[in-house]
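Q: Sequence:
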Amino acid sequence: MKIKRPKSRLQKKADRGFKGYPVATVAFYGPDDKHATKVAVGIVVDESDEPKNMQRWFAEDDLRNDPTIRDEILEFIKSHAVRTVVMTDRIIGCPHEEAIDYPEGQKCPQCPYWAIRDRWSGDVLH
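First residue of the sequence shown: 3, per my numbering; consecutive thereafter.
Because the hints were derived from the structure by calculation, they are not lab data. Errors might be hidden in some of the hints.
[To be verified] EDC-like mimics (lysine to aspartate or glutamate), calculated; alpha carbons at most 16 Å apart, straight line: (1) Lys14 to Glu77; (2) Lys15 to Glu106; (3) Lys40 to Asp68; (4) Lys14 to Asp91; (5) Lys36 to Glu62; (6) Lys40 to Asp17; (7) Lys40 to Glu100; (8) Lys109 to Asp91; (9) Lys9 to Asp68; (10) Lys9 to Asp91; (11) Lys21 to Asp48; (12) Lys36 to Asp68; (13) Lys40 to Glu99; (14) Lys40 to Asp64; (15) Lys14 to Asp73; (16) Lys15 to Glu74; (17) Lys15 to Asp91; (18) Lys21 to Glu49; (19) Lys40 to Glu62; (20) Lys36 to Asp63; (21) Lys109 to Glu99; (22) Lys36 to Asp73; (23) Lys109 to Asp34; (24) Lys36 to Asp91; (25) Lys9 to Asp73; (26) Lys15 to Asp73; (27) Lys36 to Asp125; (28) Lys40 to Asp103; (29) Lys40 to Glu74; (30) Lys40 to Asp91.
[As the list claims (entries may be wrong)] Pair by pair, the computed Cβ-Cβ distance ranges are: (31) Gln13 to His128: 32 to 40 Å; (32) Ile102 to Gly19: 29 to 37 Å; (33) Lys14 to Asp103: 28 to 36 Å; (34) Lys109 to Met56: 18 to 26 Å.
Just so you know, even glycine gets a beta-carbon here, dropped at the ideal spot from N, CA and C.
Kindly generate the complete structure, drawing on both the sequences and the hints.
A: Structural data, given as structure tokens:
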């Protein structure tokens, strides 16, 4: 039986739906689908724009349970007058960055879990 935790303020903001721009995008990454060790937040100013003002947080343990990081994310969002929060409902891939942490076009050698999985669905690739 899975225990349901109360929703965080960040999740409640995401649940409100589209309220206009600027939009904060929140994405979680980790070495597997159970432990988020990185969160990236980008600010999209208008619909024709790419995310700007990108901020990343890292942790050894699952940072989704870290109230300090959660508060820093909320403050970052507030400082950019964000009206809408869009957040992934799962960990969507490896926390390491291609062409920065490992060569472009290769699989991350530190995260074998993601080497055989689709980052969006988590399904094993054939």
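Q: Give a verdict on every hint.
A: Evaluated hints:
1. Lys14 to Glu77: 15 Å, holds
2. Lys15 to Glu106: With Cα atoms ~35 Å apart, Lys15 and Glu106 exceed 16 Å; violated.
3. Lys40 to Asp68: Holds, because 12 Å separates the two Cα atoms, which is no more than 16 Å.
4. Lys14 to Asp91: 12 Å, holds
5. Lys36 to Glu62: 13 Å, holds
6. Lys40 to Asp17: 21 Å, violated
7. Lys40 to Glu100: 15 Å, holds
8. Lys109 to Asp91: 23 Å, violated
9. Lys9 to Asp68: 14 Å, holds
10. Lys9 to Asp91: 12 Å, holds
11. Lys21 to Asp48: 12 Å, holds
12. Lys36 to Asp68: Holds - the C-alpha atoms of Asp68 and Lys36 are around 15 Å apart, at most 16 Å.
13. Lys40 to Glu99: 11 Å, holds
14. Lys40 to Asp64: Satisfied, since the Cα-Cα distance of roughly 8 Å is no more than 16 Å.
15. Lys14 to Asp73: Holds - the C-alpha atoms of Asp73 and Lys14 are around 14 Å apart, at most 16 Å.
16. Lys15 to Glu74: This hinted pair holds, its Cα atoms lying about 15 Å apart.
17. Lys15 to Asp91: 13 Å, holds
18. Lys21 to Glu49: 13 Å, holds
19. Lys40 to Glu62: 9 Å, holds
20. Lys36 to Asp63: 10 Å, holds
21. Lys109 to Glu99: 10 Å, holds
22. Lys36 to Asp73: 21 Å, violated
23. Lys109 to Asp34: 14 Å, holds
24. Lys36 to Asp91: 12 Å, holds
25. Lys9 to Asp73: Distance ~14 Å between Lys9 and Asp73 Cα, so the pair holds.
26. Lys15 to Asp73: The hint holds at about 13 Å.
27. Lys36 to Asp125: Holds - the C-alpha atoms of Asp125 and Lys36 are around 14 Å apart, at most 16 Å.
28. Lys40 to Asp103: 14 Å, holds
29. Lys40 to Glu74: 13 Å, holds
30. Lys40 to Asp91: 14 Å, holds
31. Gln13 to His128: 32 to 40 Å: 33 Å, holds
32. Ile102 to Gly19: 29 to 37 Å: 33 Å, holds
33. Lys14 to Asp103: 28 to 36 Å: 33 Å, holds
34. Lys109 to Met56: 18 to 26 Å: 24 Å, holds
The structure is inconsistent with the numbered hints 2, 6, 8 and 22, although it conforms to all the rest.
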